[in-house]
Amino acid sequence: MSFLYDVRSVYGRHLTKLVRNPTLLGTNLLTPILFLVLFSQLLQKLNIFPGVSGSYLAYLTPGIVVMCSFIGGSLSGVSIVNDLNSGFLSKMLLTQVNRAAILAGRLLTDVTVVVVQSAITLAVAVLMGVDIVTGVPGAVLIVATAALLDLALCGLFLYVGMKSRKTETISAIGNAVFFPLIFVSSAMFPSSFFPSWAQTISKYNPISYAANVTRDLVQGGLTWNTLAPAVAVIGLIAIVTISATLFEFRRVIS
Amino acid sequence: MISVEDLVEVYSDGTKAVDGISFRVKEGEFFGFLGPNGAGKSTTIKVLTTLLRKTSGRVSVAGFDLDKSPSEIRKAIGVLSQETILDVDLTGRENLRLQGRLQQMHGRALDEKVNDLLKMVQLEDVADKSAGRYSGGMRKRLDLASALVHNPRLLFLDEPTTGLDTQSRAAIWEYLESLNKEDGLTIFLTTQYLEEADRLCRQLSIIDKGKIIANGTPTELKEAVGGETISLSLSNGGAAVRSKAVEILKSVAGVTNVVESDGGIVVYAKNAGEVIVDVVTALDRSGIRPGYLNMATPTLDDIFLKETGRRIRGEELGRKTTEPFIM
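Chains as they are written, first to last, in numbering that gives the first Met the number 0: chain E, 0 to 253; chain S, 0 to 326.
Note that these hints are calculated values from the structure, not bench results. One should not assume that every hint holds.
[To be verified] Only pairs whose alpha carbons sit at most 30 Å apart, straight line, appear in this in silico DSSO-like list of lysine-lysine: (1) K25(S) / K162(E); (2) K118(S) / K67(S); (3) K25(S) / K16(E).
[Claimed, not checked] Only some residues are given here: those of chain E computed to face chain S with a beta carbon under 7 Å: (4) G86; (5) S89; (6) K90; (7) W196.
Note that CB positions come from ideal geometry on N, CA and C, so glycine has one too.
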């Protein structure tokens with residue numbers, strides 16, 4: 000039981016910190032809504048394209064949900080860098096806390112953020128007239144998919160944070176690698192419009208896997224053909240990156 | 000409580016931070032590691048507290064082998080790092096509670112311990128304010144409390160008062176003295192302040208460039224210097240004159256040792272009061288005029304000077320004060 004006790008301790012710490020930082024909390028919660036409203040208005044004429052099938056807002060909603068995961072992931076990276084550089088991570092590792100619980104508590108915090116973000120995003124989309132064809136169970140699955148993708152991205156950012164020990168690297172990689180990856184995926188635009196090289200990237204882009212699942216749940220209906228590969232690919236990335244981060248803890252303390 | 004044999008720590012860039020040191024710390028001891036910046040103090044503490052893997056040597060802490068049982072060691076020790084480490088978004092109480100929870104404490108036992116510690120470090124009134132609003136001294140006190148939350152048997156302190164104002168330093172000293180005397184806590188402290196080592200520590204090792212250069216109680220170490228000191232600077236002449244002066248002074252009856260230091264000279268004598276006139280006369284006869292004279296009982300700095308030819312800090316001999324050379 001000590002593992003769960005430890006997770007609760009770490010989770011409690013991060014959640015308290017988040018709540019005490021209203022600017023961070025506010026921007027995190029508002030960014031997806033802002034993107035949803037802005038892009039769906041600016042690009043509403045994209046609804047004439049095949050693949051968008053109907054309203055661009057409905058097409059975009061799953062993409063924005065996926066974007067929530069990205070925001071959560073970079074938060075994790077910044078948090079671990081701060082704890083590393085302030086010595087707080089060493090201080091925690093010198094206690095009797097379960098090491099995996101340090102990570103689990105952090106990941107749970109980000110999952111919480113993503114769940115709240117994506118739920119709000121979906122609610123706003125519904126208020127704007129999007130019909131989620133799979134109903135409430137579908138909405139829950141959409142949020143779960145966003146949470147899974149968040150775990151994978153958190154793992155990546157945590158690992159990068161442990162290696163680089165610089166928040167600048169986190170934001171550089173976020174802006175230069177992951178942000179473009181969102182656009183070169185099926186999250187925001189149908190990839191059939193992309194040039195062929197971009198279509199290839201989009202096809203194998205893990206963000207596309209997540210976007211396809213969430214889009215099915217909003218617009219069509221759940222199919223194993225999209226769900227199974229998404230869970231496999233994203234789950235694998237999550238397991239590998241989180242394990243690698245845990246392994247990196249050994250370098251902080253003997 | 001601590002046994003270190005032939006500890007060596009070489010960093011990946013080849014720097015030998017600790018170069019074959021050995022020492023023992025008994026249970027209930029207040030043990031000090033005194034040395035200048037970069038002497039290897041922090042490195043030693045990092046190795047002993049399992050934060051840094053040693054290159055070679057045999058180390059046991061709190062009865063456990065460092066290689067075999069690092070987690071047992073972590074249970075038994077409290078660590079106060081040189082940098083104050085707190086979560087500044089949390090309150091003082093929340094910081095202590097979190098630390099207690101991470102140390103596997105629960106319920107009422109934890110609440111009581113947190114309250115006791117807040118009382119001890121006199122932060123009860125501000126316990127529910129964010130630690131980010133605390134002064135440097137308050138933060139250090141809170142950090143000290145967090146190192147004690149799980150009732151460790153052995154406390155490591157890495158330069159606990161560096162950068163603190165006099166008042167905060169005095170407060171930390173009082174807590175540490177009481178923890179050692181009244182609660183029987185074994186304490187290992189590193190410091191670059193002679194006054195701190197002199198006041199707190201019952202056993203001392205003086206460390207410089209990764210090596211231990213002297214061991215003993217503060218009194219033993221000061222006696223080993225060879226009595227009292229007369230510090231003087233020369234008002235005229237350069238290095239040549241200074242060397243000549245050292246030769247002259249060595250031949251004065253009653254003088255036990257003469258050391259050049261920071262542009263001045265330190266003369267050691269069993270009874271400085273009796274030889275001071277002879278010292279001045281001998282120099283005067285050779286046309287050398289002392290510009291400044293100071294008589295003092297030896298301090299730990301004199302031991303450092305005797306062993307290394309340098310002072311721990313760049314203390315100037317020309318200082319216009321009759322205070323002993325204590326930081």
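The hints, checked one at a time:
1. Of the supplied pair hints, the one linking K25(S) and K162(E) is violated, its CA atoms being roughly 40 Å apart against a limit of 30 Å.
2. Pair hint K118(S) plus K67(S) does not hold up; C-alpha atoms about 37 Å apart against a cutoff of 30 Å.
3. Between K25(S) and K16(E) the CA atoms are separated by roughly 42 Å; this puts the pair beyond 30 Å, and the hint is violated.
4. The criterion of a C-beta within 7 Å of any C-beta in chain S is met by G86(E), whose closest approach is roughly 4 Å, and the hint holds.
5. The restraint placing S89(E) at the interface with chain S holds, with a minimum CB-CB distance near 6 Å, inside the 7 Å limit.
6. Taking 7 Å as the C-beta cut-off, the interface hint given for K90(E) holds, the closest approach to chain S being about 5 Å.
7. At about 41 Å, the closest approach between the beta carbon of W196(E) and any beta carbon in chain S exceeds 7 Å, and the interface hint on this residue is violated.
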